[in-house]
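Please model the entire structure based on the sequences and the hints provided.
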Amino acid sequence: MMGNRLIHEVIPVGMLQCNCSVLGDSETREAIVIDPGEEAERILDVIQRHGFHVRAILCTHTHIDHVGALAALRRATKAPVLIHEADLDTYRTLATQAQWLGIPTPEISEIDDFLREGETLRWAGFSVRVLHTPGHTPGSVSLVVESNGAGKTIPHAHSHTEQRSGTRSKPPGAERLIAGDTLFQGSIGRTDLPGGSFPQIIKSIHEKLLVLPDDTPVYPGHGEPTTIGEERTHNPFLR
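Add 100 to a position in the sequence shown, counting from 1, and you land on the number used in this note's numbering.
These aren't lab readings, by the way, just hints derived from the structure by calculation. Check before you lean on any hint, since a few could be wrong.
Said to hold, decoys possible - DEER-style ranges, computed between Cβ atoms:
1. Leu293 x Ile208: 12 to 22 Å
2. Glu141 x Phe298: 30 to 40 Å
3. Glu141 x Thr291: 26 to 36 Å
4. His334 x Glu210: 40 to 50 Å
For each residue, glycine too, the CB sits at the ideal point set by N, CA and C.
As structure tokens, this is what we get:
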């Protein structure tokens, strides 16, 4: 179990209040950042307050409210940026997305690597398992944060893992889900933007997320946290 080793701070950033997650190991001080949508200074303040060394910057998808601070954070931390390859075209439309919102186009970041279905990104005593959950965007991912076991430190690397499916029993180490804009408390991500698909997002949620244990905490891209069981029971889109 993660116990008290995992520090997880959620920072709502930008005009759309994207939930940026900073997840760090309290012993090694290694960390990752997920969805730095804006306000790089606030995110860096959290990193510096904890004395974290950022090993990677991950994005659940590349809508502007989730990637606006990518370039600034990459420059400040020297950490690699990872997205799903299917969202690369969406990332290339940042100028158009900015026009829709009436805001300046953020600086474009280099993309260092791609997140792939079934892979695990490991840092310090923890890991993130990648679930490709298209529907909100073609390259949307949800990220299962897991424990590698107490005291186990693994260098930054990708490794293939067998995908778990078809069970609601708690798999070893499965602790929390960073859902991006795929699943919300009482709702799901919108599918009316370019690349969105309602059938795809429903399929993603049922086949990739609802197979997780009911007590898995869910941290969505906007709004309050929830659990898999709560959404299975009460989310009107999933009935």
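To see whether the hints hold, each was checked on the structure:
Under the hint 12 to 22 Å, the C-beta atoms of leucine 293 and isoleucine 208, about 19 Å apart, fit the expected range. Take glutamate 141 and phenylalanine 298: their Cβ atoms lie about 37 Å apart, and the range 30 to 40 Å holds. Taking the beta carbon of each, glutamate 141 and threonine 291 are about 33 Å apart, inside 26 to 36 Å as hinted. Here the CB-CB span from histidine 334 to glutamate 210 is close to 41 Å, well matched to the stated 40 to 50 Å.
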